[in-house]
Amino acid sequence: MKNIFKGSLVALALILSSVAAKAQEAGGTLAFLVQPEPPTLASYVSTSGPIGLVMPKVYEGLFDYDNDGKMVPMLAESYEMSADGKTVTFNLRKGVRWHDGEPFTSADVKFTILEVLKKVHPRGPNSFREVSRIDTPDDHTAIFHLDNPAPYMMRSFSAYESPMVPMHLLEGQDIKSAPLANNPVGTGPFKFVEWKKGQYIRLDKNEDYWQEGLPYLDRIVGRFIPDASTRTAAMENGEVMYAAYNAIPNIDAVRLKERDDIDVTTDGYSMINPMALIEFNTKEGPFVDPAIRRAISTAIDRRFMIDTIFFGYGKPATSALSSNYKATNLHAEMPNYPETGDVDAANAMLDAAGYARDGDGVRMRAVLDIIPYGEDWRRAGEYLKQAMGDIGIEIELRYEDVPTWLKRVYHNYDFEMNVNYFYQLPDPVLGVHRHYGTNQIRQGTHFVNSSRYSNPELDALLDSGSKEPDAAKRTATYQEIQEILANDMPVVNLFELEFLTVYNTELKGAYGSAMGAYGSFREAWLED
Amino acid sequence: MLAFWHRYKRNRSAVFGLVVIVLVVLMAATADFLYPFDPFRLAGKPLSAPGTNGFLLGSDSLGRDVAAGIVHGAKTSLLIGLIATLVAVFIGILFGALSGYYGGQLDNMLMRITEIFQTIPSFIFAILLVAILKPSIYSVVIAISVVSWPGVARLVRGEFLSLKSREFVQACHTLGMSDLRIMLREILPNCLSPIIVIGSLMVATAILIESGLSFLGLGDPNIMSWGFQIGAGRTMLRSAWWVCTFPGVAILITVLAINLVGEGLNDALNPRLRERN
Amino acid sequence: MTRSSKIFRFVLKRLLQGIPIILAIVIINFFLLNMADGDAVDVLAGEAGSATPEYMAELRAKFGLDQPLPVQLFVYLKNVVVLDLGYSFRHDMPVSELIVDRFWPTALLMVSTILLAVGFGILLGLLAAMRLNTWKDAVITVFALITYATPLFWVGLMMIVVFSLNLGWFPTSGMENVAAFYEGWDRVKDIAVHLVLPTITLSLFYLALYTRMMRASMLEQYGQDYVITARAKGLTERRITFVHVLRNALLPVVTMAGVQVGALIGGSVIVESVFAWPGLGMLAFESLFARDLNLLLGIFLLSSVLVIVVNLIVDIIYSLLDPRIEVS
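Residue numbers (this note's numbering), protein chains in the order written: chain A, 1 to 528; chain B, 1 to 277; chain C, 1 to 328.
Keep in mind that the hints are not guaranteed to be accurate.
In silico SDA-like links for lysine to any residue, alpha-carbon gap of 25 angstroms or less [claimed, not checked]:
#1 C/LYS6 / B/LYS134
#2 B/LYS134 / A/GLY389
#3 B/LYS134 / A/LEU146
#4 A/LYS118 / C/GLY86
#5 A/LYS110 / A/ALA178
#6 A/LYS118 / A/TRP98
#7 A/LYS196 / A/GLY213
#8 B/LYS134 / A/TRP377
#9 A/LYS257 / C/PHE170
#10 B/LYS9 / C/MET130
#11 A/LYS119 / C/GLU54
#12 A/LYS191 / A/ALA178
#13 A/LYS70 / A/ARG408
#14 A/LYS191 / C/GLU220
#15 A/LYS467 / A/ALA83
#16 A/LYS197 / C/ASP92
#17 B/LYS45 / A/ASP470
#18 B/LYS134 / A/VAL367
#19 A/LYS197 / C/ALA107
#20 B/LYS45 / A/ARG255
#21 A/LYS467 / A/GLU506
#22 A/LYS70 / A/LEU146
#23 A/LYS119 / A/ASP139
#24 A/LYS205 / C/ILE317
#25 A/LYS197 / C/LYS62
#26 A/LYS197 / C/LYS136
#27 A/LYS70 / A/GLN440
#28 A/LYS205 / C/ALA179
#29 C/LYS136 / B/LEU18
#30 B/LYS134 / A/ASP470
#31 A/LYS191 / A/GLN173
Residues from chain A that face chain C, not an exhaustive set, calculated with beta carbons under 8 angstroms [to be verified]:
#32 PRO39
#33 SER46
#34 PRO122
#35 ASN182
#36 GLN199
#37 ASN237
#38 GLN443
#39 LYS508
#40 TYR511
Please keep in mind that the hints were generated in silico from the structure rather than gathered at the bench. Every residue, glycine too, gets a C-beta built ideally from N, C-alpha and C.
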């Protein structure tokens, strides 16, 4: 494993140098869409989407990841892993300075991992759970000591997932409320200048960036435009040049794609793996019986949802795991996931399970909650209402605001079924386990096992899946996991979302990283 | 009555407005006959242009019939407008009548309460009420009523103030009529005409507020209304203009017609204007 | 008593009367907002991705959200008395700073909207009244009503499509050109250019109100005894209209405009949303869904204070303009 990573680092260094040989033009301002306005800029406390769009330009990680998932050296130049996988030594880049002039050292890395990410980051406690100690023999070496091998940890060193933050501005303070949050000081290619609430965030070029000649842009401005149609108009008018994470609605993206000066890509989301799904309350209410949940999964025309709501962007789910895990041989196709739905089969399943229709043709009534993140999800709810009507389940839709919805689903468990989407992230341990494990039934914690599904057999498999270093054995484990989940269906996966990035073709070099919009944009440049 | 109609029909645009409203009401009443199915039904090919695939006014992104939505939505939009107005007028009359008739401390107190509701920025307050009561047709009606009644209260109070000192009211007192009877039987009928005018305009405003709330995603997701259609179609205005333009036009025509009628009523009921015509 | 001391006492009395109203507004909204499910911490944690209940409890304690409601209210009111609007935990900034930041864009949009709507409204209303029940009257009435009845967001978007995308005259949205960051006079010009479309859109909505008011007000004045006297004296209709009727008819329209400036401080959520105008309306809207209680209460408080103050000023001006009206 160590050698594979080592080799890829060399390959990447080559790619990087060849990229640098092209004729970039320096200068210019890139205005792009940030939607919605972020609540804070503390990317080490919050993984809120819009923060990810802005902060990786200011803070950097130890590594970046290219489109093939290979590691690109950033603040760390290389690493070595011991044979037992329990000691990882990082060789840090020399001569890197924070935006305030202080040097970046191994002490910053140790502090960031142990005191910040492991304690206050939403996913850090999971990513770095095996890290028990970090030694810093000198300013440019950090040695991580792990209790158990943690292969997934090596996937979480990006600027978005694990930003390195300055110890000298946080030490001795309450990390969550330190003033660094909204006056960020990083090592990245751009410096934070100003956040004008309701309007924009302005970042200016870091003239002392460690990589000679980078960044190309003089300035990056993230604009907030609340209305989707106006965002599209601003893109058409050239007022903004880059819009990721469906900031431009798909229907407009499809239209804009036809223009010469605008293009659309689905690249840059492979580390995210978003999955649309329905969570069921498996403890009380109408969906306690897995047979009903299987019937619902069978009845849904996933292709129709993708084509009508997302205008063709997306892949029908075929299992509890994203098909993007095929790269690591973890994904397997499962029954009960017909692409265009099979209403007759679903009805037969419900008949067989003894759910008879009443005089109005209704077998049962239920309330469907909808994730309050925009119009697309309302459409999804409206489609599901119709589809479930076809199999005799009469649905009432409920669309509440974010705090009400979060409280209902993750705190009060006062729901029957809930349309939602989860990021499955680059490894199931990071993004999928939180959905199904008994230890993930954590009342009051958002985006975990709200179905309250508990299966000791599955728990054991999840546990071995997270620790198993052998690839073939891991594949077998996840095969079993997927079989159990396809049968019990505590969650019905709908489709893998494909987010769109819409960009002006004058903008070059913003797409090289697997992090996409969550990347640093240090190699982005504008062609006249 | 006949004389009133004669005065009313002199205003041709008011007659036009009345005709339009009658047509809209007819449309709403016969919705189940014109389109005898659930307007949310996925009826055919999504985003069909008007006149294609059997859709008179086109279909939306899920393949729902826009025309069916407009016909069924008419019922909802009119009902929301009417009920919200009735509630607001009721509260307004209650406050205004008590305030104007009794005066003194009661007047003072009731008017302070009215001022409170007039001072809060109304659209944001409506949004707040819907968000707190959870989006549904009931919360929309409640929110619209709550932000609309103060105007009625002030109007009614003014009318009661001026009417209560009139001779016929004094006569009723001498006859020993109860206060309630005097208010309901004697004074109220005499200030009905301005109430009717302001009420008719409130129906139009209520329909507009409902569409504004739906635009912001605060409508009832289970009931077809024009506001719902606009909310569902607004992001595709550029690609599929018909999805939200037709319901928008429906709102426009209805609100326009109601306003024309209101204006006609005003002219016909206002004695001072009569002299000039 | 002299006139000026009368006015002073009047102002004092009205301001004192305003205090319980503002208090009531704050208290009503405080309890309404607390009736809603979820709080600021839920929203922050939800956005952050995941947070433990312990962390959320810690945040609640920090924000003071773990206190009983009456205590929270008491603390809030105590601070308001010394003009401290509290802290927005979501924005990590004092509420007063946030509000001041958004107040100027709001005021800019509102004042220009009112000026435009009132100006055109007076003109159209006057024309309609002078040509009562002719086709001109009908056209003006219908035009004003159409602009009123067309959904605002539709007008806004069409403005963007026509004037930004097709003609390229104005930017689509925002308040400043973020590629340029102009300074000095260039910045003023830049902001003015950004202001045009939202102002026109919003004033179209209010145009109907002023047109109708002006028309009705003119007709009202035409029916007054002094007009009959003037006609009897043989003055021309023109002279009657422009010298006598117009002046009197303007009074209620201008009063209404004054009142609206105050009421509009809450902003127009829809126009601000369509044009990404950084006003108080959007701020209030967002803070509602983020359960940013202090901020929302602050906006309500400010707008009600403004309504009361502007109403008062209008009344004073009114009494100065028309000596027949006594301040009382």
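Against the structure, the hints:
Using a Cα cut-off of 25 angstroms, the hinted pair C/LYS6 and B/LYS134 is violated, with the two alpha carbons roughly 49 angstroms apart. Between B/LYS134 and A/GLY389, the direct Cα distance comes to roughly 24 angstroms. Compliance with the 25 angstroms bound is thereby established for this hinted pair. Straight-line distance between C-alpha atoms of B/LYS134 and A/LEU146 comes to about 48 angstroms, which puts the hinted pair past the 25 angstroms bound. The suggested pairing of A/LYS118 with C/GLY86 is violated, with an alpha-carbon distance near 32 angstroms, which exceeds 25 angstroms.
Between A/LYS110 and A/ALA178 the CA atoms are separated by roughly 18 angstroms; this keeps the pair inside 25 angstroms, and the hint holds. Distance restraint check for A/LYS118 and A/TRP98: the Cα-Cα separation of roughly 22 angstroms lies within the 25 angstroms cut-off, and the hinted pair is therefore satisfied. With a C-alpha separation of about 29 angstroms, the suggested pair A/LYS196 and A/GLY213 falls outside the 25 angstroms cut-off, and the hint is violated. Among the hinted pairs, B/LYS134 with A/TRP377 is consistent with the structure: their alpha-carbon atoms are about 17 angstroms apart, no more than 25 angstroms.
Between the alpha carbons of A/LYS257 and C/PHE170 the distance comes to roughly 24 angstroms, so the proposed pair stays at or under 25 angstroms and holds. For the hint linking B/LYS9 to C/MET130, the alpha-carbon distance of about 21 angstroms falls within 25 angstroms, and the restraint holds. At roughly 12 angstroms between alpha-carbon atoms, A/LYS119 and C/GLU54 fall within 25 angstroms of each other, so this suggested pair holds. Of the supplied pair hints, the one linking A/LYS191 and A/ALA178 holds, its CA atoms being roughly 18 angstroms apart against a limit of 25 angstroms.
The hinted pair formed by A/LYS70 and A/ARG408 fails the criterion: a straight-line CA distance of about 40 angstroms is larger than 25 angstroms. A hinted pair counts as satisfied when its Cα atoms are at most 25 angstroms apart, and A/LYS191 with C/GLU220 does not qualify at roughly 64 angstroms. Of the pairs offered as hints, the one joining A/LYS467 and A/ALA83 holds, with about 15 angstroms between alpha carbons and a cut-off of 25 angstroms not exceeded. Taken as a hint, the A/LYS197 and C/ASP92 pair is honoured in the structure, with Cα atoms around 12 angstroms apart against an allowance of 25 angstroms.
For the given pair, B/LYS45 sits about 49 angstroms from A/ASP470 by alpha-carbon distance, which is inconsistent with the 25 angstroms threshold. Restraint check for B/LYS134 and A/VAL367: the C-alpha separation of about 14 angstroms stays at or below 25 angstroms, so the hint holds. Between A/LYS197 and C/ALA107 the CA atoms are separated by roughly 17 angstroms; this keeps the pair inside 25 angstroms, and the hint holds. In summary, the hint linking B/LYS45 to A/ARG255 is supported, as the alpha carbons are separated by about 19 angstroms, within the 25 angstroms threshold.
Among the hinted pairs, A/LYS467 with A/GLU506 is inconsistent with the structure: their alpha-carbon atoms are about 46 angstroms apart, more than 25 angstroms. Taking the CA atoms of A/LYS70 and A/LEU146, the gap is about 22 angstroms. The hint holds against a cut of 25 angstroms. As the CA atoms of A/LYS119 and A/ASP139 are separated by approximately 23 angstroms, the hinted pair is consistent with the 25 angstroms bound. Restraint check for A/LYS205 and C/ILE317: the C-alpha separation of about 54 angstroms exceeds 25 angstroms, so the hint is violated.
Restraint check for A/LYS197 and C/LYS62: the C-alpha separation of about 23 angstroms stays at or below 25 angstroms, so the hint holds. For the hint pairing A/LYS197 with C/LYS136, the CA-to-CA distance comes to about 47 angstroms; that exceeds 25 angstroms, so the pair is violated. Distance hint between A/LYS70 and A/GLN440 is unfulfilled; the C-alpha atoms sit about 30 angstroms from each other, more than 25 angstroms. Distance restraint check for A/LYS205 and C/ALA179: the Cα-Cα separation of roughly 14 angstroms lies within the 25 angstroms cut-off, and the hinted pair is therefore satisfied.
As the CA atoms of C/LYS136 and B/LEU18 are separated by approximately 21 angstroms, the hinted pair is consistent with the 25 angstroms bound. With a CA separation close to 51 angstroms, the supplied pair B/LYS134 and A/ASP470 exceeds the 25 angstroms bound. About 23 angstroms separates the Cα atoms of A/LYS191 and A/GLN173, which keeps this hinted pair within 25 angstroms; it holds. Hint status for A/PRO39 relative to chain C: holds, with the closest Cβ pair at about 6 angstroms, below 8 angstroms.
Interface hint status for A/SER46: upheld, as the beta-carbon distance to the closest one in chain C is roughly 4 angstroms, under 8 angstroms. With 8 angstroms as the threshold, the beta carbon of A/PRO122 comes within range of chain C, its nearest partner Cβ sitting at about 4 angstroms, so the hint holds. Checking A/ASN182 against chain C by beta carbon gives a least distance of about 6 angstroms; that is within 8 angstroms, so the hint holds. This hint holds: A/GLN199 has a C-beta 5 angstroms from the nearest C-beta of chain C, less than the 8 angstroms allowed.
Interface restraint check: A/ASN237 against chain C, minimum CB-CB distance 5 angstroms, threshold 8 angstroms, status holds. Proximity of A/GLN443 to chain C holds as hinted, the smallest CB-CB distance being about 7 angstroms (cut-off 8 angstroms). Hint on A/LYS508 is violated. Least Cβ distance to chain C is approximately 17 angstroms, over the 8 angstroms limit. The interface hint given for A/TYR511 is broken, as the beta carbon of that residue sits about 21 angstroms from the closest beta carbon of chain C, more than 8 angstroms.
Comparing the model with each numbered hint stated earlier shows that hints 1, 3, 4, 7, 13, 14, 17, 21, 24, 26, 27, 30, 39 and 40 do not hold.
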